[in-house]
Structures are given as C-alpha cells and as structure tokens.
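**Student:** First to last, the sequence lines map onto chains A and B. Residues 30 to 367 in our numbering are what the first sequence spells out, letter by letter. Residues 1450 to 1955 in our numbering are what the second sequence spells out, letter by letter.
No lab work stands behind these hints, which were simulated from the structure alone. All residues carry an ideal CB built from backbone N, CA and C; glycine is no exception. Don't take every hint at face value.
[Unchecked claim] Some chain A residues close to chain B (C-beta under 7 Å, calculated; not the full set):
hint : residue
1    : Ala107
2    : Asn110
3    : Gly114
4    : Ala117
5    : Pro176
6    : Gly203
7    : Ser228
8    : Ala259
9    : Lys261
10   : Val264
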Amino acid sequence: MKNIRLIFLLMGAFMLFLAGCGNTQESGEAASGAEGSWQPEKPIEVVAPAGPGGGWDTTARAIAKLLESENIIDQRMAVVNKPGGGGAVGWAYVNGKAGDNHTMFIASPPLHFVPLNGQSDLDYQDFTPLSAVIADYAAFIVKADSPYNSMTDLVEALKKDPQAVSVVGDSAPGSMDHMQFVKAVKAGGVDVKNLKYVSAQDGGGMSMLLGGKVDVYSTGLAEATEQARAGKVKVLAITAPERLEGETISEFPTLKEQGIDDEFVVWRGFFGPKDMDPAAVKYYEDAFKQMMETEQWKEVRDNFGWTDNYMNSEEFAVFLEEEHKEIEALMEEVGLKQ
Amino acid sequence: MDFSSILYGFQVALSPGNLIFAFIGVLAGTVIGMLPGLGPISAIAIMIPLSYGMDPASALILMAGVYYGAVFGGSTSSILLNAPGVSGTVATSFDGYPMAQQGKAGKALAIAAISSFAGGTISVVFLMLVAPFVADLAVTFGPTEYFALMLLGLTAISSLSDGSTIKAMIAAVVGLMIATVGMDQQTGTSRFTFGNPSLLEGIDFLIVALGLFALAEVCQLILRRKEKESKKKSDVGNLKLSKGELKEMGGPISRHSVLGFILGVLPGAGATIASFLSYISEKRLSKDPSSFGKGNIKGIAAPETSNNAATSGAFVPLLTLGIPGSGTTAVLLGALLVVGVQPGPLMLQDHPDVFWGVIASMYIGNLFLLILNLPLIPFLAKILAIPRQLLISLIIVFCLIGVYAVSFSTFHLYILLGFGVLGFLMRMFSFPAAPFILAFILGGMMEQSFRQAMTISNGSYNVFFQSNITIALFIVSLLSIFVPIISGYFKKKAEANEDERKGRTA
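Let the sequences and hints guide you as you build the complete structure.
**Tutor:** The structure is reproduced here in structure tokens:
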C-alpha cells in the first residue's frame, strides 16, 4: 500500500507546514524583575486581527521579520492571523490574555471605528499601547475628467446639495473610508447627515471611480498615487498636516492649504493586552524605536510608501484619547454611533 | 503590441532562476490546490515576507505560479473526493466526481488537466494580445452590470437540477438566505450574526461547499458502508482518452477559454463565478442536458477551462490598471509593493520585465503543470482504491484542517459540520445542492450591486436601463427563462398530438 503511505506522508508534511505558520503560545508568567530589566523568554505572538495579505497582516509580518533579522528581539516573532469581525475576533482573543507579556497585536484607526459602530465591546482602553510606528494618510480622488478640481469645489457642491455627489469607499458606512471623508467635509462646513456613500468590496472602489459610476473615491494615499501619476485621477486632497515629500506625492494638496481645517492620520501601531508589565512595555517601546533606525526598515518603509510616525507608549495613549473623542462626536452626529 | 516585447518576456521568464521560481510556484500551487480548503491566498501571504530583496519579476513569477497552480490542482480533490480544493473548482465536482465513481477517475483527471492546460494557455495568449484593450472592460462593469450578470446566473437554477424544479428553488432560496448572514456592506448593520463577531464577515464560500459536498458525501458513504464495492478498480488510473472524447472536449475548450477570460477580467466575477456560468451554459448548449451531472466529459471540460482562463483574465486589471479583481490578486498587489514595484497603470512602462516576464512565465508554468500532473494521475486516482473506512476519515481530516487553516478558529469547524448535516439532509430528501451553492455565491454580490446602484441613482430604477450591457444581459436572462418554457410547451403539444394519433390508430 504504497499510496497510503504517500498520503500520510503528504498529510504529515502538511501538518508540519501548519505548525510552522501557526501558534506558539503557552501561557506562563514571565518573571519580571525591576524596572527596565525585562527580557522576553519565549516566542512572542504577534496577532494580526485579519486574514493573511491585508494591511494589518502585511505590516505585522514586515515588522516582525525585521525585529528578528536585525536581532533586536532575541526571540521568534510569530505572526498569527485571527480574522473576523473587522478585528473584533482578534481583540477578544488578546483580551483573554491579560497580563501576558509575550502577546501583542497590530492596530490602526478601526480600533476606534469598530467599537463605536457597536461591533466590538472592546476598544483602545482595554489594551496597553506599546508604540505607534507608521502613518499613512487618506486621499480623496476624482476621475481625471471630473468637473471638480479642488476640495473647495467639492465642498461647495456638497454645501448646496449634500446628495449632489456619490462617494465610494472599500468598506461599510461608519468605517474608516467613510468617516475620514465625513470628517473632512464637515470641517469644510457641509451638512454630513445625508451624504451619499456607497460601499464596495475587494478594491471595487477604484474600478467604480474609473468607470464613472461614482464621483469621488475615499481611499488611502498608496492607492491614489499610481493612478494620479498615470493621469487617470485627480487627487483633490490628502489628510496630511502638510505636503508630503516625494515625486508625484508632493503635488497632492492638503486639506489645510485649501482652507479646510482638518487632518487625519491613518496610524499603525502595536498594543499589548491589559495589565502588561511596565518593564515589558518599555522593552518593546525601545525595540520598535531601534528597528525604525535601521537601514532595512527605511527600505521597507519606502517601498510601501509609509511615513515614520513613532510614538512611545505614553504619547500614543494621549493621542488615542483625543482622537477617540473626536471620532465619537462625529459618529454621534452622523447617527452611526451604537 | 509588438513582437519584441514578447520575446523580451520570454528572455526574462526563461532565465534559469526564473524557470526555477516558476517551477516552485506551480508545484507549491498544485499541492495547495489539491488540499481541500487551503487556497492560494494564505500561501502567497506567507511568501510575502520571504520575497524581500527578490527581483520583482522573479517574485511575481513565483507567486503567480502559486495562484494558477492552485486553480489547476484544485480539480483533483473535487473529482476524487467531491471536496473542492479551491472555490473555483466546485463546479468541476458536478460531473468529475460521478465520473470518478464510475471507475473512470484517471480519465476525469486527464480531462481536467488537459482542459486546464488549454484554458490556461489560450487565455495567456489573449492576455498577451489584448490586455491593454480589454482593460477598459474591467471598469465599464459597474453595479447595474454586475446585478444583471448575477441575475443571468440565477436564471440557470432550474437547469442545475434534474428532479423537481420546486425543490431546486427552495434550495436556492436557502442559499440566498445564508448569503445575507454577516455585516451588511451598505449600512454596516449586522444581520443574523447573533452577536458573534466570527459571523460578521459572513460565511466563507469554501466552508459551505466543503460541508454541502464533501461532508454530505461522507455521510452517504458511511450509510452505504455495508454495500459491496462492486466496481472494478483495476483500471481506475487509466487516463487514455479516445479520439472521439478528445474531439468532444474541443468545443467547450474553445468556448470557455473566451468566456472564462472575459469573466476573469471583471473585478468581482473571477474564477468561481466563471466556472459556474461555463458549466451552466455548456449544459444549456448540450443536445443531451440530462447526461450532465452524471459524468459528462463536457461537464468537466467547461468549468476547468473556464476557471483557469479566468485566472489569467484576473491579471488584466492587476497588471494594466493596478486594480485587484479578487482576494488573491489583492494579495499579489501587496506582494508587488514589498519588492518595490508600484502596481498601477504605468507598470507596463516602468517595469516591462515584470509585465512581460510574468505573462511569458505563465505559458511555461502551464506547461510545467501539465507535465507535473499527467504522470501523477495514475497515482492520485488510486486514492480511490483506499479502503472506504480510511478514505472517509481522510476526507474528514482534510476538510477540517483546510477550514481551520483559513479561518484559524474552531467556531468555523462547527459551521462546517452544520453544513455537512444540512447537505446530508438535503440529499436524503433529494434537494439538489448545486442551486444552493450557486445562489449563495451570486446572491450576496447581486444584493450589494443592486443597492449600490440604488444609492447612486437616489432610488430610481431608471439606472438599470441606461447601460447597453445591462440591458443586453437582462434580455439574455429573460430569454433563458422563457425559451425553455415555450419550447417545452411546443414539445409537449407535439407529443400530445403524437399520442393522440397513436391512440387513434391503436
């Protein structure tokens, strides 16, 4: 029965493969000494609260690999996917490991939006911020032949009739793509209660924009840049505080220079579970800082078009609190807060 | 389109390093494809961090190989175990599995391999010749067009069942209901999630397919365990096709490499929908539709050609516009960023080596796949010679591992079991599973497209009559509902006349 053996061999190989990309977690209390003297004693579990291949997963894998290969953290950094609920499944998982110094997860502004939408009971206050790492910005774009040439044009049109323009984003109402647009036009004085927002999936927003089915696409800077360089779209505004550097990107006007007092940072950072040892927090803070100074990091960062946005645990916590307040008020106004 | 760029592409693809990458890619792809549940997305995502510092062309050649290799290999478990390897090969099991059960597993696998190869290769020719021109097609399809396309697919429900049309309709309605589970994209409201965050993103297509097909089949095998396995298993691995059989495949291959390619170009349609629509249209075209679902050669050739053609088609929006058309191409897009290539409309200008190299490598990769798969067929087919008790446990284990490897949660294993039970009950009471799965896959997208269109138009139905493509698709849908009814009516009348005449003479 040679074939049976073959099959079992295949199965065995497959299981090994699974084990390789899977979890390595045994809970055991890490011995923590005096302030600043904490060291990881076993592999660190980095949770990406989404499926493989998305933004969270890619960032987590890139950073985990650098921390390992540059010998900044002397333990294996195992990235584990916990997809579901726009992050809620992964957060619930990390929340169950309170006090565990060997677990962390990657997050970005949806950590505000998802709980405010009523889809998760946990929000940023239930976790320990470790460090913010990178920033990305939102971009509002129209087709090259659109009558709108600036954010001011668009805001004026929306002021006259909030239904005059259809906006597409790649996620549901009340999520980041939607709210970043709402936030910007509200700062421009538009009545944001009745905007026409269409949600597309799997990057369908760009094809709907290029096909002329919708007027505006609310997206990220990375998605907009190449299309703008090819002259297919016009970038009406980006949400950075000031103009960014780099070919093509430096041509994108900010909201502020168009008289709209708003900015929105799509931050990405890492959080630990509740009650993490302060010494461990310090350790990770330093590790991220050190990693961001390496040459390798700069290369990875530039390939992805990210901007450095380091904040230590304390700064990050202050930032999050302010941002949360602002978004909460906005969601309340649009009637999406649950 | 000039000849020198094609030559340049082959120069890139034929360099020793890239040949090896193409080979590794398709090999990994076929193996991943053969394992039920596990799809190319996870495999490519895991490869991304490994590709730092790799030459961009090599990296994409490798990962593209995993992608089309998985669709190529996915038919194997569909045919042998009724457990689809990837979602694009669900339709292959409709005729592939019955044929394998008739002791012709080798033949079924050979048909699948040859159709996959033909579909893959012909569509790469299209990709090479017309990619820049059909790129616009990808963006002309908006919400109304997708709605009409999905509607056309749904009109085929009755033709997917042999028995009662009413039972097929009931199955389809249940499929539509299951499609509503999860967060509603247009309002952000949770529907039928019962507060469980694991259900917020809906139920994965593959979980439903594995439950309804593979686990339901396992239940039936267990029930029939006392029956003697009467079929001769000696020539199960025989993959010889007669000339007539090869000829029979010619029609579906030429038709569905075109249809599959076009559907692949459309973001959001993709290999799964392409394979279903091809299967349905082939059945409609057939002179003997009742032989479908019982091991018809065309019933294997059509979806297998189509899903592989759609895979090449999916590269059109990715390479020419920088728009990902599916989950897998979205991950490929991320992989390009890692190796320092900005995917977008200027990629052809900025990185001709990536563009032409990948396309050329797909010819070579498809050839590798054929060479890899054909000699393996006799061995793979002998899986069916495994004693039933062992085979059953193997299928169960594979399904569970496959689902866990995608969802990383035990909750989804329970859902899988639930669909297994549902599938089994449906079989007991002869409700067909195919309409269920078709409605499930088309329903979600149909609803979202409809509502997107309504939001854009401020609730006016006129939006559905402003596009020629939409109107044309509506007309075809209407025809496909009424032509069979009318022709059936005339046939009955003719038969009745015949009977009457016979009665008189008697």
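**Student:** Hint by hint, note whether the structure agrees.
**Tutor:** Structure-based check of all given hints:
{"no.": "1", "hint": "Ala107", "result": "12 Å, violated"}
{"no.": "2", "hint": "Asn110", "result": "5 Å, holds"}
{"no.": "3", "hint": "Gly114", "result": "3 Å, holds"}
{"no.": "4", "hint": "Ala117", "result": "4 Å, holds"}
{"no.": "5", "hint": "Pro176", "result": "17 Å, violated"}
{"no.": "6", "hint": "Gly203", "result": "5 Å, holds"}
{"no.": "7", "hint": "Ser228", "result": "5 Å, holds"}
{"no.": "8", "hint": "Ala259", "result": "4 Å, holds"}
{"no.": "9", "hint": "Lys261", "result": "6 Å, holds"}
{"no.": "10", "hint": "Val264", "result": "13 Å, violated"}
When each numbered hint is compared with the structure, violations occur for hints 1, 5, 10.
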